[in-house]
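In the order they appear, the protein sequences are chains A and B.
Each residue of the first sequence is one higher than the one before, starting from 1 at the first, in our numbering.
Each residue of the second sequence is one higher than the one before, starting from 1 at the first, in our numbering.
No lab work stands behind these hints, which were simulated from the structure alone.
Check before you lean on any hint, since a few could be wrong.
Computed from the model, here is a short list of chain B residues facing chain A with C-beta under 10 Å [what the hints assert, rightly or not]:
hint, residue
1, Gly67
2, Glu68
3, Tyr71
4, Ile78
5, Val81
6, Lys82
7, Thr91
8, Tyr93
9, Ala97
10, Arg106
11, Asn107
12, Phe109
13, Ala115
14, Arg166
Restraint-style ranges between C-beta atoms, simulated for each label pair [said to hold, decoys possible]:
hint, chain 1, residue 1, chain 2, residue 2, range
15, B, Asp194, A, Gly132, 52 to 58 Å
16, B, Ile114, A, Ile314, 45 to 51 Å
17, B, Arg190, A, Arg201, 36 to 42 Å
Note that the structure is a prediction, hence the values are computed from the model and not measured.
For each residue, glycine too, the CB sits at the ideal point set by N, CA and C.
So you can see what is in the structure, the chains are spelled out below.
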Amino acid sequence: MTDAPEPATAVEARPKRPRFRIRNTLETGIFIVFILVWAIFLIGNPRVFTGFHIYYSLMSTVPFIGILALSVTLVVVLGEMDLSFPSVLGITSWVFATTFAATHNLLISGIAALATGVACGWVNAILVVNIGIPSLVATIGTMFLFRGLTNVVAAGNGIALSAARGHFLYEVAVGRLFGVIPAQAIWMLGLGVVFWLLLNRHRFGGHLLFVGDNAESSRMMGINVNRVKSLAFIQVGFFAALVGILSTLEVTYFWPNQGTGYLLTALAAVFVGGTSVFGGMGTILGTFLGALIIGSLEAGIVAIGLTGFWTQLIYGAIITISVSIYALLMRRPR
Amino acid sequence: MTESATPNASELLKLRGVHKSFGRVKVLRGIDFDLGSNEIVGLVGDNGAGKSTLIKLITGVHRPNSGEIYYKGERITIHSVKRSRELGIETVYQERALGDQQTLWRNMFVGREIANWAGFIDVRKEKRETERLLREHMGFTSGAIDTDSTVMFLSGGEKQGIAIGRALHFNADLIILDEPTMGLSLSETRKVLDFVGDIKKQGKSAIVISHNMLQVYPVVDRFVVLDRGQIAASFPKSEVTQEELSERMVRLARTGKIA
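Produce the complete structure using the sequences and hints provided.
What follows is the structure, given as structure tokens:
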């Protein structure tokens, strides 16, 4: 019979309880970073950044990485990773463009693309959840797989969709509200609210957080861990397809390497936003602001008079500094 | 082994001739076990005695190879964690099954959220319920802990308290505690024992697994000693002093015989 190990001290070394909740602290932090970056732009080039044109331009481009980042946040909350979403975006865009070329029907093309996205997400889910491959590895595989498939079926050819212009669904997807606000910006805003509700107010979000925090505990508490994980990967497929549709329609053109530029920027938006790669916590507001920061950086850097050579350096600085701050904030007691 | 020492005549749980083996390893060899209602039993035994296997049979994680399990007079035929929970058997695991980075209200209702038809959680109601549990049943009076506190900032004893409070809230009649005081300091252990006392006060039953009898001595009504897959002894606490108890345990460990 062995005794349970007992800490010898009678004095309780209790960690100080934080006055703010961690997530609120992170969200405050990212908000300050956002204001700072914007202030630098504003001071650096007041003429451009007090005018509407730059915002119009950003509203038409940022939502693509924004929506991807929002969706991927849910996978990161699980402590998992998805690198395949730009490739899912590629193959679903091809499906969308090809179907449209054949049918001239945006609704059917859209449904076909979204269904393909769900199927791709499902493949990821099966590899990760059922076969048990670590998600980072599995989605490196499918990243090449889906992109390779796109290359094979598209055979290097782009597809023009100019006939889509003027359709009602085209206006819904990427039209200009009141002639000035790109519809995709409304999509990003609306989905931001949806994802916030999903993560913070819905049972599914609660389960995502719990599974990301401690999968074994979640199982003991009756959560269907496999189902939660599968759904997370499947929704990334769905939203990658949605962004595929939006970005294809925005330029009314499909090209086979569509989406490749979104991988690191979308992930950077998630991490700059403050969501932890270890899982168990995540902030939709952070991702939203992170996407605004990352998405506007390039334009801003050029606007304040630096050459494009500076872009990566400043990206790097913002990412490393912000995640260092979060890591310090997130230090666990003891 | 028939047991007449239960303080309450009505039986909550009854095991008869339960055997369980994993492959060739016979872990449990003919267990007869009774638990009265509103009775706290300390289940003790050395590592490998079969304590956790016995518990997993009761909670539905495993099914017995042979033998019968009765709960409230009815035979349990479906063996699943979900089924046991529906019947009112809750387990507080050694690892406590808490999400460290999550708030108390999320932990309290995890897997059993108060949600509407669309799955949206009634956060205000969950917080209100959690608040009530904290203050009324679990004696968290300090202002430092509220429903939005994160579990990782709680002490080990407080975490155990949350896990027990959660089990009580969901109207469990039988709460199984797996090594609840493992790795806790003396004062934290006392807190946990207070929570176990609450189980008794609320008219519920509990099985407390421990390999340290002395630690759980203050709160249990009866000890059941498990040794190499069989029940070696069962005696009400009133029959033994703490000194006799530790002597018995030493003797059991040395000779394999309790008396």
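Against the structure, the hints come out as follows:
1. Taking 10 Å as the C-beta contact cut-off toward chain A, the hint placing glycine 67(B) at the interface is violated, the least distance being around 25 Å.
2. For the restraint placing glutamate 68(B) at the interface with chain A, the shortest Cβ-Cβ distance is roughly 26 Å, beyond the 10 Å limit, so the hint is violated.
3. The beta carbon of tyrosine 71(B) is not positioned within 10 Å of any beta carbon in chain A (closest approach about 19 Å), and the interface hint is therefore violated.
4. Residue-level restraint check for isoleucine 78(B) is violated (minimum Cβ-Cβ distance to chain A is 15 Å; threshold 10 Å).
5. Nearest Cβ of chain A to the Cβ of valine 81(B): about 7 Å, under the 10 Å cut. The hint holds.
6. A least Cβ separation of about 6 Å between lysine 82(B) and chain A falls short of the 10 Å threshold, and the interface hint therefore holds.
7. The criterion of a C-beta within 10 Å of any C-beta in chain A is met by threonine 91(B), whose closest approach is roughly 8 Å, and the hint holds.
8. A hinted interface residue such as tyrosine 93(B) counts as satisfied when its beta carbon comes closer than 10 Å to some beta carbon of chain A; here the least separation is about 6 Å, so the hint holds.
9. Satisfaction of the interface hint for alanine 97(B) is found here, the shortest Cβ-Cβ separation to chain A being roughly 4 Å, below the 10 Å cut-off.
10. Nearest Cβ of chain A to the Cβ of arginine 106(B): about 6 Å, under the 10 Å cut. The hint holds.
11. Interface restraint check: asparagine 107(B) against chain A, minimum CB-CB distance 8 Å, threshold 10 Å, status holds.
12. Evaluation of the phenylalanine 109(B) hint against chain A yields a held restraint, the C-beta minimum of about 8 Å falling below 10 Å.
13. Satisfaction of the interface hint for alanine 115(B) is found here, the shortest Cβ-Cβ separation to chain A being roughly 5 Å, below the 10 Å cut-off.
14. With a cut of 10 Å, the hint placing arginine 166(B) at the interface with chain A holds, because the nearest CB-to-CB distance is about 9 Å.
15. Between aspartate 194(B) and glycine 132(A) the CB atoms are about 43 Å apart, so this pair departs from the stated range of 52 to 58 Å.
16. At roughly 46 Å, the beta-carbon separation of isoleucine 114(B) and isoleucine 314(A) lies within the given 45 to 51 Å, and the hint holds.
17. For the pair arginine 190(B) and arginine 201(A), the beta carbons lie near 38 Å from each other, so the given range of 36 to 42 Å is met.
In summary, the structure is inconsistent with hints 1, 2, 3, 4, 15 from the numbered list given earlier, while agreeing with the others.
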